[in-house]
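Every letter in the sequence shown is one number past the one before it in my numbering, and letter 36, counting from 1, is 36.
In short, the hints are calculated from the structure, not lab data.
Where hints are given, some of them may not hold.
[What the hints assert, rightly or not] Here are the simulated EDC-like pairs of lysine to aspartate or glutamate, each with C-alpha atoms no more than 20 Å apart in a straight line:
| # | residue 1 | residue 2 |
| --- | --- | --- |
| 1 | K50 | D39 |
| 2 | K32 | E57 |
| 3 | K50 | E40 |
| 4 | K8 | D25 |
| 5 | K50 | D12 |
| 6 | K20 | E40 |
| 7 | K2 | D25 |
| 8 | K8 | E51 |
| 9 | K2 | D12 |
| 10 | K16 | E51 |
| 11 | K8 | E27 |
| 12 | K8 | D29 |
| 13 | K2 | E45 |
| 14 | K2 | E44 |
| 15 | K8 | E44 |
| 16 | K2 | D29 |
| 17 | K32 | D12 |
| 18 | K16 | E27 |
| 19 | K8 | E40 |
[To be verified] Beta-carbon label-pair distances, calculated as ranges:
| # | residue 1 | residue 2 | range |
| --- | --- | --- | --- |
| 20 | K32 | A66 | 15 to 21 Å |
| 21 | E57 | L28 | 39 to 45 Å |
| 22 | V19 | L49 | 29 to 35 Å |
Here a beta-carbon is modelled for each residue, glycine too, at the ideal position from N, C-alpha and C.
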Amino acid sequence: MKILVPVKRVVDYNVKVRVKKDETDVELDNVKMSMNPFDEIAVEEALRLKEKGVASEIIAVSIGYARSTRNN
Numbered sequence: 001m002k003i004l005v006p007v008k009r010v011v012d013y014n015v016k017v018r019v020k021k022d023e024t025d026v027e028l029d030n031v032k033m034s035m036n037p038f039d040e041i042a043v044e045e046a047l048r049l050k051e052k053g054v055a056s057e058i059i060a061v062s063i064g065y066a067r068s069t070r071n072n
């Protein structure tokens with residue numbers, strides 16, 4: 001069995017979120033980003049299933065901008 005785990009890059013949970021001055025969006029310049037903590041749990045569970053022999057392959061996918069692959 002193959003396991004597909006969707007992951008999303010989000011503002012790090014330790015960072016205080018700031019709204020842009022024009023109040024149209026969240027300020028993301030120079031903000032630390034990380035993987036969604038719930039997605040980390042999903043990846044860990046997929047690894048456990050692979051170690052048990054239930055899964056043969058784990059595929060993590062993130063849909064979005066190229067910067068989604070960065071961890072900063």
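Q: Go through the numbered hints given earlier and state which of them the structure violates, listing their numbers in rising order.
A: Hints 2, 5, 6, 7, 8, 9, 10, 16, 21 and 22 not satisfied by this model.
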